[in-house]
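**Student:** The chain contents come next:
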Amino acid sequence: MAALPLALRNVTVTAASGRGLLNIPDYTLPAGQSLAILGPSGAGKSTLLHVLSGLRRVSTGSVHWGATDLATLTETRLSAFRRRHIGQIFQDFLLFDEMSALENAAVARQFAPGPERAEILRRAVQSLTSLGLDPQETRRATTYSGGERQRIAVARALAQGPDVLLADEPTASLDRTSAERLTDDLLAAAQRTGLSLICVTHDPALATRLDRTLRLAHGAPEMSHAA
Amino acid sequence: MLPDLWSSLPNDAQDAGVLAMLLLPGVLIAVWNLHGIAPGALTRSMLRRYLPVNLVFTGLVTLSVALGVGLIAQERGLRQGSARAADRFDLIVTAPGSEVTAMLTAVYLQPNDMPLLGGAQYAEIAQAEGVDFAAPLAFGDSWQGHPVVGTTAEFITHLAGGNMTGRMFAAHEEAVVGALVPLGIGDAAVPGHGMADLADAEEAAHNHHDLRYRVTGKLPATGSPWDRAILVPVETVWELHGLANGHTAETAQQIGGPFAPEAFPGTPAILVKPEQLFQAYALRTQFSRGDMMAFFPGAVLSRLHGLAGDVRQAMSLLTLVSQILVAVAILAGLILITRLFARNLAVLRALGAAPRFLLAVIWSYAATLLTLGTVLGLGLGIGAAAVLSRILTARTSIHISAAPGWAELHLAAAFLSLSLICALLPGLLAMLRPPLTDLRG
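As given, the protein sequences belong to chains A and B, one line each in that order. At the far end of the first sequence sits residue 1588, using the numbering used here, and the numbering has no gaps. At the far end of the second sequence sits residue 477, using the numbering used here, and the numbering has no gaps.
Think of the hints as simulated: they come from the structure by calculation, not from any bench. Cβ atoms here follow ideal geometry from the backbone N, Cα and C, with glycine treated the same way. Treat the hints with care, since some could be wrong.
Said to hold, decoys possible - Derived CB-CB ranges, DEER-like:
id, chain 1, residue 1, chain 2, residue 2, range
1, A, Ala1581, B, Trp68, 45 to 51 Å
2, B, Ile457, A, Pro1401, 48 to 54 Å
3, A, Pro1476, B, Ser43, 16 to 22 Å
Start from the sequences and build out the full structure, keeping to the hints where you can.
**Tutor:** Have a look at this one:
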């Protein structure tokens, strides 16, 4: 695992209707740094996150993670890039309800090449343990509390051994205590593994603890500064 | 070269080869789909999440396959059973009429009103060149629902194939019973008129003859209605019905041929055993004329089977249509279920699963249901055919065995392979769906 720097160059995303969703002339994030993406609803935060993960193709410009330009990758290569380099956390956890915590955390094992599977399982066990969850627990994911479920989602993202962690409103569905615990966990994981952490959030408590802030309005950056 | 090699293989090897070829598309798709990935946990997740729907899908496939398999097994069992029952009947000679009716009467012991052949006709047949024996039949009585059939010792010996327990009847009041008659050697039976199983004791008493047969021998099972018959000297049946017994006053106590033409009261059918097989054809030609007809029961059965084959083809077509309808319904259901699972699939894409992995998850989920349904359907079809065969055997005494055969396996394999190919469609649709749409929920 080697942290990847991010470089956005003249990125625009246009909806099918022709409406501009995102317009970022130039932005860079050094490897291993953390970034909070802020802004009101409809500002383009989630669109940017999807562009960074390659789930959304840019209309113009380029998105570089290290030397890799996502725009040049085929769907299959893009999938492989996500699996190897990008971990994702979603607002609604999006776990597989019928699976146990460990099955969820190690789900990437099912589509990873054979030699990588054991390592994914090892990291899933390690991540669950470090996040205070029992990997041996066999009960379904639905039986866990909201905070626990989001920690399973974090373990799932970390089990892939990513260089970058993308989180979409990771604390939005949690109460204050669980949100603080999750923030601690995310930052500890980022520090321990040296990965870059990018969070879309409305949570000021989370945003103030990250290295940088990118505030969007109408799809474009308002200002960028170090926290 | 290859056709020669194929035709030189034993039948079982050919059938196994056809089975392998029918399964091959499904196997190849499975290998192509699952090579290098392990979607087991996600497939199990889908199976658990949609358990009631999965049970309905599997049940539909099971019923659909069972219908086809059961139909094939039953039809074959019926065809083989009826042919086996007619094995021992080389040539039958009756008065002109319907060969089918005559065969049903003589071979399957179904009561029918038939015109009789007279003594001169019988004598001509019995004395014809190439005839080993000619056995007249006499019907009309029964014991507890078991038909009492009058005939000669030669025919009974031929029917038993040398495996009779006890001995042949040697007196007018002696009888040999079929394997399924609940009488042992030494037991006695009082015959009654007709085939009615009389429940009313008084009525029964009026209908009974003043004669008691004593059982001297028991036939081995032949898988034919004759297993339920009580076989007695034909002379006794004639006498009981107030007719001449086939012999003159000097030979009145004789059992079996030769019969005196002037004392021969008539018979609805004569079972002819030729000395050599080839002579059967000459005899058939010889006795196919204005005052009598001769036929091979096997040939009549073959025509009936041909007719049944047409019915079977029509039913097979209906079964195929029902299987296609079930497959289409399941396919539509799978597409709907895939839509319900779309958000989870989008998560997989977001986590780095290649589009091909989604295809593998959906296909393996569908394949599990289809394979399970097909295997259960195969079992259910064979089981249902076996149960139905037992019921039919009990009712007709024709031994019908619906043992599993290659045809059922071929049908199930063809259905499975075809449905596994069709099951690619929901997976392909899921694969082509943009993940972002579903990720937002």
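**Student:** Next step is simple, just say for each hint if it's right about the structure.
**Tutor:** Okay, the hints, checked on the actual structure:
1. Taking 45 to 51 Å as the suggested C-beta distance range, the pair Ala1581 of chain A and Trp68 of chain B conforms, at roughly 46 Å.
2. Remark: the range hint 48 to 54 Å for Ile457 of chain B to Pro1401 of chain A is upheld by a beta-carbon distance near 50 Å.
3. Hint check: Pro1476 of chain A to Ser43 of chain B, Cβ distance near 49 Å, so the stated range 16 to 22 Å is violated.
Violation of the numbered hints given earlier is confined to hint 3; every other hint is satisfied by the structure.
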